[in-house]
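Using the hints provided, position chain V relative to the given structure of chain R.
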Amino acid sequence: MSKVIAVARWEYLEKVKSKAFLIGLFLTPLIMIAMGVLPTLFATQEDTESRVIGIIDPGGRVVAPFAQRMQQRYTLKNGRPNYIVLPLVVGPGGDVEAAVQEASRRVAADELEGFFVLDPVRDSVVEFRSKSVGDFRIGARIEENLKEIRAEQRVAALGLDPKVLRELDVRLDVRMVKVASGGEREDGGFEKVFFSAYVFMMMLFLLIITSGQMLVRSVIEEKSNRIVEVLVSSCSPTQLMAGKVLGLSALGLTQMAFWGLIGVAASVQFGMNIIDISNALLLVLYFILGYLLYAAVFIGVGSPLNTEQEAQQVTSYLVMLLIVPIVLAIPAMKEPNATWIKVLTFFPLLTPTMMALRIPIQMPALWEILATVGLLLLSIYLAMVAAGRIFRIGILVTGKSPRLGEILRWIKTG
Amino acid sequence: MLDVQAVRKYFNSTVAVESVSFSVSRGEIFGLLGPNGAGKTTTIRMILKILEADSGTVTYDGKPFSEETRNIVGYLPEERGLYKKSKLLDTILYLAELRGMSRTAARREALRWLERMGLAGQDQRRTEELSKGNQQKVQFICSIIHDPVLVVLDEPFSGLDPVNQILLKDVLQELKQRDKAVIFSTHQMDQAERLSDTLCLINKGKVVLGGTVRDVKKRYGKNSLHLEFDGDGAFMTELPGVHRAMLYERSAELELSGATQLRDILALVNHRVDLRKVELLEPSLHSIFMSTVGEPVDTQTAGEVLS
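Taken in sequence, the protein lines are chains R and V. Taking this note's numbering as reference, the numbering of the first sequence is continuous, increasing by one, and the terminal residue is 414. Taking this note's numbering as reference, the numbering of the second sequence is continuous, increasing by one, and the terminal residue is 1307.
Excised from the complex, chain R in its bound form (with noise of 0.2 Å):
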């Protein structure tokens, strides 16, 4: 046991000091916060200059209320408006592709931060004709304002008050709330499920990637430099491979333990309720279990190896796998109890980023945690005396990879 330990102890203390690790220790959540944060943080910034936006209406009737809301309602923080609205004339001959021709001119000479031309015959659809067309907001608020400015003229041209139009304006929201298991209501939407559930998944996906690379790396190493002729003189296979994957599942829990205080961090700072107690228990068994039997088909899959190359073409196999769940997560979103989610749930390898994705969205039948446990218990088991069996005879394999049929022969054979 205690030469167990000295390997774990070994594969924890060099991995953990290794720049490979801290990096992606460190860069992980960063990345993960970049990417949930930035694109709302761009899309909500707000402008820091005035843009100037042409009109051509050669109606001439929407221009100037158009151009009384634009500039009333939104403003810089410097107090200037925000859109400077400029009416295009168009030419005597009423020749409004010769006035399309010399906007389009001062758009590309940047005088112009887009315009738009409103048809007459064709009302429905309007044309904001602009260098940048990601610019969602600026399509809103023209659209929306349009939209205003439309509604009130026909409502005038029918004779009616335009205090009408607010009593029309009847707003609906329907809001998802969360029945809990108790009965009682659960605050937090979609967003929070979804969320929660993604991160989960995502960490779990992560932690299993890097430290099933890190295993076979080492193994790998350990292979070429020949140093496993002595280590396993020193103890045996068995206890080499237990030191290994108890080493690495250390690695793996400081790795969440520290991503989860990082999380529980920025969840008190942002008021946000990620996940409850109860589940966050049975995710963490779920990931554990998960956690060690992709240890085992690492083991099992890596130990043949020879080479850096051959190792990335076989993790990138089981990283597809992995893939299935985060594929899955929107349809399953949709609708957790579905017969074919829960079939899924049932195959070991997907059990852990499965129940991942479900638990946060609706807690599963207790005989379905029951049995999915159970099952990963027992193929952890078997994955793992495979695991030993492959590992035995293939850390000393050197040369050309043995091939599929052989591996087969050494797990029967034992």
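Any given hint could turn out to be false.
20 Å max Cα-Cα, derived PhoX-like pairs, lysine-lysine [to be verified]:
#, chain 1, residue 1, chain 2, residue 2
1, V, Lys1049, V, Lys1063
2, V, Lys1169, V, Lys1132
3, V, Lys1132, V, Lys1087
4, V, Lys1085, V, Lys1132
5, R, Lys147, R, Lys163
6, V, Lys1084, V, Lys1132
7, V, Lys1085, R, Lys17
8, R, Lys17, V, Lys1084
9, R, Lys17, V, Lys1087
10, V, Lys1084, R, Lys19
11, R, Lys19, V, Lys1085
12, V, Lys1087, R, Lys19
Worth flagging that the hints you see were computed from the coordinates, not collected in a lab.
Coordinates of chain V only, in the frame set by chain R:
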């Protein structure tokens, strides 16, 4: 200490080791010789339970290999390597701990050995910063730090400069004096001849020669008489007591059979030709190696030699 009985190992259908037997006692330096691919490394791996023998037995003081055995053997593999990115001391401590040493004892011994091997003050350096020769010395330290009863060294001298070869030789002699058993494999016969007490020559997975160096040389029965002379030496092939004679223009090499007395032969020869130089040479291990490995070896003879 160690007794190897008829171990055999096949990889799929190719023979790695057909049948190898020998024993090594405490206070003995044992040379495992043989050309490349003879099965030396496979034999060593079976001794250390890295590989399981297909048949045959390996016993330590009469008992089979056990978890305790792991702590009393030391091993330097043929292909060298250490953890590149790790610190010397950490690596040594880890491998010592795996041999059942306590960390405090391991630290003390590691520093002592690093100093002895001329690596004092380098314990915090990373392996990759060291020269190949120094890395090999660190590996050697790892194989003996836990004061094993049996030290197995696969080609320990290859890759070392002459100064370090002497250093290593001294340490091995010291281990011998401290009643340890040392097995080393080599294909350099001069090395083996100078260092080992007992040897075992393996070829194509079989033992072809074994025993003490002295015995082997004797038993090989090749007391070789080199003569230079004037005159016709043709008669020499017919001499009684000469096992085989090789004649040249003015010289001859006579292989004397076991009981032949040198002075009888010389009397016969001196009578017929004018001798200018007479030299009785013991065959070197090298020539034994060459003639044994160079020609097909009869299994039966090998068996006799062993018994």
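Hint check results:
| no. | hint | result |
| --- | --- | --- |
| 1 | V:Lys1049 - V:Lys1063 | 14 Å, holds |
| 2 | V:Lys1169 - V:Lys1132 | 18 Å, holds |
| 3 | V:Lys1132 - V:Lys1087 | 15 Å, holds |
| 4 | V:Lys1085 - V:Lys1132 | 15 Å, holds |
| 5 | R:Lys147 - R:Lys163 | 16 Å, holds |
| 6 | V:Lys1084 - V:Lys1132 | 12 Å, holds |
| 7 | V:Lys1085 - R:Lys17 | 10 Å, holds |
| 8 | R:Lys17 - V:Lys1084 | 14 Å, holds |
| 9 | R:Lys17 - V:Lys1087 | 11 Å, holds |
| 10 | V:Lys1084 - R:Lys19 | 14 Å, holds |
| 11 | R:Lys19 - V:Lys1085 | 11 Å, holds |
| 12 | V:Lys1087 - R:Lys19 | 15 Å, holds |
Every hint, counting from the list given before, is met by this structure.
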